[in-house]
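Top to bottom, those sequences are chains S and P.
No gaps in the numbering here: position 240 of the first sequence is 239 in this note's numbering, and each next residue is one more.
No gaps in the numbering here: position 368 of the second sequence is 367 in this note's numbering, and each next residue is one more.
Note that these hints are calculated values from the structure, not bench results.
Quick caveat, the model's predicted, so the values are computed rather than measured.
Treat the hints with caution; some may be incorrect.
Because identical chains share one entry, a pair is satisfied inside a single copy or across any pair of copies.
Below are the BS3-like pairs computed for lysine-lysine, each with C-alpha atoms no more than 27 Å apart in a straight line [stated by the list, open to error]:
#1 K79 to K101
#2 K308 to K40
#3 K308 to K79
#4 K276 to K40
#5 K308 to K276
#6 K276 to K79
#7 K104 to K79
#8 K104 to K40
#9 K276 to K101
One letter stands for each residue in the lines below.
Number of protein chains: 2
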Amino acid sequence: MSTSFDLLGSDGAARRGRIGTAHGTVETPAFMPVGTVGTVKAMMPQSVAETGAEIVLGNTFHLMLRPGAERMAALGGLHKFMNWPGPILTDSGGFQVMSLAKLRKLDADGVTFRSPIDGSEHRLTPERSIEIQRLLDADITMSFDECTAWPVEEEAAASSMRLSMRWAERGRRAFVDRPGYGLFGIVQGSTYPALRAESVAALTAIGFDGYAVGGLAVGEGGRSMFSTLDMIMPLLPNDRPRYLMGVGRPAELVGAVRRGIDMFDCVMPSRAGRTAKAFTPRAEINLRNARHRDDPRPLDESCTCPACKHHSRAYLHHLVRSEEVLGAMLLTWHNLHYYQDIMRGLRAAIEARTLGHWIAAFEVEQGRGDIPPP
Amino acid sequence: MSTSFDLLGSDGAARRGRIGTAHGTVETPAFMPVGTVGTVKAMMPQSVAETGAEIVLGNTFHLMLRPGAERMAALGGLHKFMNWPGPILTDSGGFQVMSLAKLRKLDADGVTFRSPIDGSEHRLTPERSIEIQRLLDADITMSFDECTAWPVEEEAAASSMRLSMRWAERGRRAFVDRPGYGLFGIVQGSTYPALRAESVAALTAIGFDGYAVGGLAVGEGGRSMFSTLDMIMPLLPNDRPRYLMGVGRPAELVGAVRRGIDMFDCVMPSRAGRTAKAFTPRAEINLRNARHRDDPRPLDESCTCPACKHHSRAYLHHLVRSEEVLGAMLLTWHNLHYYQDIMRGLRAAIEARTLGHWIAAFEVEQGRGDIPPP
Numbered sequence: 000m001s002t003s004f005d006l007l008g009s010d011g012a013a014r015r016g017r018i019g020t021a022h023g024t025v026e027t028p029a030f031m032p033v034g035t036v037g038t039v040k041a042m043m044p045q046s047v048a049e050t051g052a053e054i055v056l057g058n059t060f061h062l063m064l065r066p067g068a069e070r071m072a073a074l075g076g077l078h079k080f081m082n083w084p085g086p087i088l089t090d091s092g093g094f095q096v097m098s099l100a101k102l103r104k105l106d107a108d109g110v111t112f113r114s115p116i117d118g119s120e121h122r123l124t125p126e127r128s129i130e131i132q133r134l135l136d137a138d139i140t141m142s143f144d145e146c147t148a149w150p151v152e153e154e155a156a157a158s159s160m161r162l163s164m165r166w167a168e169r170g171r172r173a174f175v176d177r178p179g180y181g182l183f184g185i186v187q188g189s190t191y192p193a194l195r196a197e198s199v200a201a202l203t204a205i206g207f208d209g210y211a212v213g214g215l216a217v218g219e220g221g222r223s224m225f226s227t228l229d230m231i232m233p234l235l236p237n238d239r240p241r242y243l244m245g246v247g248r249p250a251e252l253v254g255a256v257r258r259g260i261d262m263f264d265c266v267m268p269s270r271a272g273r274t275a276k277a278f279t280p281r282a283e284i285n286l287r288n289a290r291h292r293d294d295p296r297p298l299d300e301s302c303t304c305p306a307c308k309h310h311s312r313a314y315l316h317h318l319v320r321s322e323e324v325l326g327a328m329l330l331t332w333h334n335l336h337y338y339q340d341i342m343r344g345l346r347a348a349i350e351a352r353t354l355g356h357w358i359a360a361f362e363v364e365q366g367r368g369d370i371p372p373p
Numbered sequence: 000m001s002t003s004f005d006l007l008g009s010d011g012a013a014r015r016g017r018i019g020t021a022h023g024t025v026e027t028p029a030f031m032p033v034g035t036v037g038t039v040k041a042m043m044p045q046s047v048a049e050t051g052a053e054i055v056l057g058n059t060f061h062l063m064l065r066p067g068a069e070r071m072a073a074l075g076g077l078h079k080f081m082n083w084p085g086p087i088l089t090d091s092g093g094f095q096v097m098s099l100a101k102l103r104k105l106d107a108d109g110v111t112f113r114s115p116i117d118g119s120e121h122r123l124t125p126e127r128s129i130e131i132q133r134l135l136d137a138d139i140t141m142s143f144d145e146c147t148a149w150p151v152e153e154e155a156a157a158s159s160m161r162l163s164m165r166w167a168e169r170g171r172r173a174f175v176d177r178p179g180y181g182l183f184g185i186v187q188g189s190t191y192p193a194l195r196a197e198s199v200a201a202l203t204a205i206g207f208d209g210y211a212v213g214g215l216a217v218g219e220g221g222r223s224m225f226s227t228l229d230m231i232m233p234l235l236p237n238d239r240p241r242y243l244m245g246v247g248r249p250a251e252l253v254g255a256v257r258r259g260i261d262m263f264d265c266v267m268p269s270r271a272g273r274t275a276k277a278f279t280p281r282a283e284i285n286l287r288n289a290r291h292r293d294d295p296r297p298l299d300e301s302c303t304c305p306a307c308k309h310h311s312r313a314y315l316h317h318l319v320r321s322e323e324v325l326g327a328m329l330l331t332w333h334n335l336h337y338y339q340d341i342m343r344g345l346r347a348a349i350e351a352r353t354l355g356h357w358i359a360a361f362e363v364e365q366g367r368g369d370i371p372p373p
């Protein structure tokens with residue numbers, strides 16, 4: 000009566016798994032492209048699938064404001080709306096609501112806020128967030144929580160985390176069980192080990208179909224993120240997927256998979272693609288740079304995305320300088336393809352139990368920097 | 000030693016033909032999407048081909064300024080640069096240079112102008128325009144001409160046309176004959192029959208691989224455009240393609256094909272797609288309009304483009320309102336697909352010698368207006 004999770008293999012703490020949902024399976028470790036308002040920006044949905052992505056993320060906050068949850072349900076749900084027949088995970092809306100600052104008012108029951116689009120008043124509670132995600136037809140629903148800011152005093156982190164745990168329990172009661180649909184809880188507690196442990200204990204006592212780590216990648220830095228993961232991972236049940244929210248750069252994905260994370264989402268590859276930036280195994284490249292103007296070589300010789308198969312750096316540079324939409328389209332496609340290449344590599348290495356070697360080679364390559372000019 | 004043209008059939012004055020070029024054939028009547036700076040805006044080149052387009056237009060003016068003609072040649076030419084392996088026609092740069100107004104200085108030999116990108120000084124002469132188009136590797140090169148403004152006195156129209164004819168002769172001498180590469184002359188003379196006849200006589204005396212009608216769709220109105228075509232068409236040689244530059248709306252394409260035009264280019268379908276407008280057999284639709292917000296139906300039930308096959312008007316409305324790039328991508332695709340649908344329909348009707356019926360049905364449909372709200 001929920002999403003499933005099969006653990007297919009492991010290498011050290013790293014896991015190779017498979018999530019089953021109402022709209023298909025997801026091989027893990029998995030990276031979820033972000034489709035904020037019902038589109039992965041500058042990508043046709045078929046192209047997102049061609050990169051190898053099997054699941055995308057939708058944002059409850061944006062979609063509840065426009066087109067609206069009830070309208071979306073009347074139109075047949077988010078899969079049909081955006082023509083993504085595969086699995087969809089939606090966030091709870093909490094993260095964006097909290098970032099509204101002056102436009103929102105938090106109470107014990109939920110949050111009242113004004114739409115940045117038209118100023119209209121809206122309210123999110125744990126129950127309403129779960130209901131909206133059901134109306135959107137999300138395969139994986141996220142608990143409504145308060146993403147604790149960083150840095151934060153331990154006392155404030157504790158009361159924020161405990162509020163989220165009460166909300167998690169209310170959300171669990173509000174969630175309507177259906178075959179292939181799951182609800183994930185979110186571990187909070189900032190970088191305080193005792194609070195993280197308390198949060199895990201509270202969530203596992205309630206019981207969720209998966210466990211997310213929230214409140215990281217909010218400015219604490221890579222080392223602090225990894226040490227927090229090192230502390231949380233052993234506490235989480237082995238038979239449920241683990242999702243690190245909002246992460247991250249390629250090296251962060253690799254480091255988190257090594258520690259036992261199964262799922263990621265991040266705007267980084269798509270946002271970078273809209274600002275002339277490309278990730279390759281060797282470097283982060285800015286295509287606006289004049290060094291690419293006469294370069295007939297692809298971004299990355301080994302990449303099979305359309306930007307690399309069919310176009311030169313000179314062309315990508317030209318598109319970016321000319322402010323052509325196709326520049327954003329091709330670079331977004333490349334970056335999402337590269338992120339999926341990383342996940343494909345990680346999955347194969349865990350299966351072969353050669354993850355240590357794979358990561359060592361990844362790190363050597365990342366240290367080389369971009370190819371020298373021709 | 001040039002492009003070829005086979006006349007495969009006709010129905011009244013309308014012609015069904017095939018142009019042979021160094022990069023493949025073009026079935027006519029044909030519509031050429033505009034790929035100004037080396038990209039049909041918001042479209043992958045493969046997607047342009049999927050709409051049925053067999054030839055695209057590139058702009059000499061834009062490409063000579065960025066990336067530059069010599070750089071383009073060093074990078075292997077425009078086909079490789081933009082990953083369009085099929086035929087390409089380039090304009091001469093004249094139209095855009097003339098529209099620079101204060102930034103350009105016209106003399107008998109050519110035009111000196113400043114780049115709107117960086118203020119640098121450039122010069123276009125008939126010989127340099129032909130050379131640039133060779134460096135770009137255009138299958139079809141256009142004569143460098145002065146596009147006469149409208150309205151214009153007969154005397155000014157005459158001297159403008161005669162300047163263009165002198166330039167056409169210089170361009171013909173400068174053009175390097177190569178198998179599969181052709182040079183088209185451009186008929187000028189505004190709406191004055193005697194001047195148009197004089198222009199046709201001058202061009203046919205020089206001898207070109209195709210003849211374009213310039214100086215229309217510049218504000219003279221549909222009736223004046225058609226009466227000018229009615230006058231020019233019988234004067235043009237039957238064994239060469241005829242190209243109506245910068246036209247147009249669907250009804251203008253149909254009316255011009257009926258009069259014997261074989262080729263068109265226009266930014267209208269792509270530009271409309273970036274401003275939330277869609278063409279259907281029944282209407283021109285603005286997707287921003289609130290009437291589409293809850294409409295689960297496609298733009299056009301009979302259309303097989305991705306926007307119509309996979310998405311509702313409600314989704315397209317949502318994308319447009321959310322200022323999402325995918326809105327421009329889908330609507331551009333739809334509009335280009337619809338324009339190619341018109342050309343497919345016209346070609347089939349000329350072959351079947353049922354053009355009169357086809358046009359009558361087209362006009363009935365166009366008169367119906369958009370489908371009523373659900």
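To see whether the hints hold, each was checked on the structure:
no., hint, in the structure
1, K79 to K101, "neither (35 Å within a copy, 52 Å between copies)"
2, K308 to K40, "both (21 Å within a copy, 20 Å between copies)"
3, K308 to K79, "between (31 Å within a copy, 12 Å between copies)"
4, K276 to K40, "both (15 Å within a copy, 20 Å between copies)"
5, K308 to K276, "within (18 Å within a copy, 32 Å between copies)"
6, K276 to K79, "between (31 Å within a copy, 23 Å between copies)"
7, K104 to K79, "neither (34 Å within a copy, 56 Å between copies)"
8, K104 to K40, "neither (30 Å within a copy, 43 Å between copies)"
9, K276 to K101, "neither (32 Å within a copy, 37 Å between copies)"
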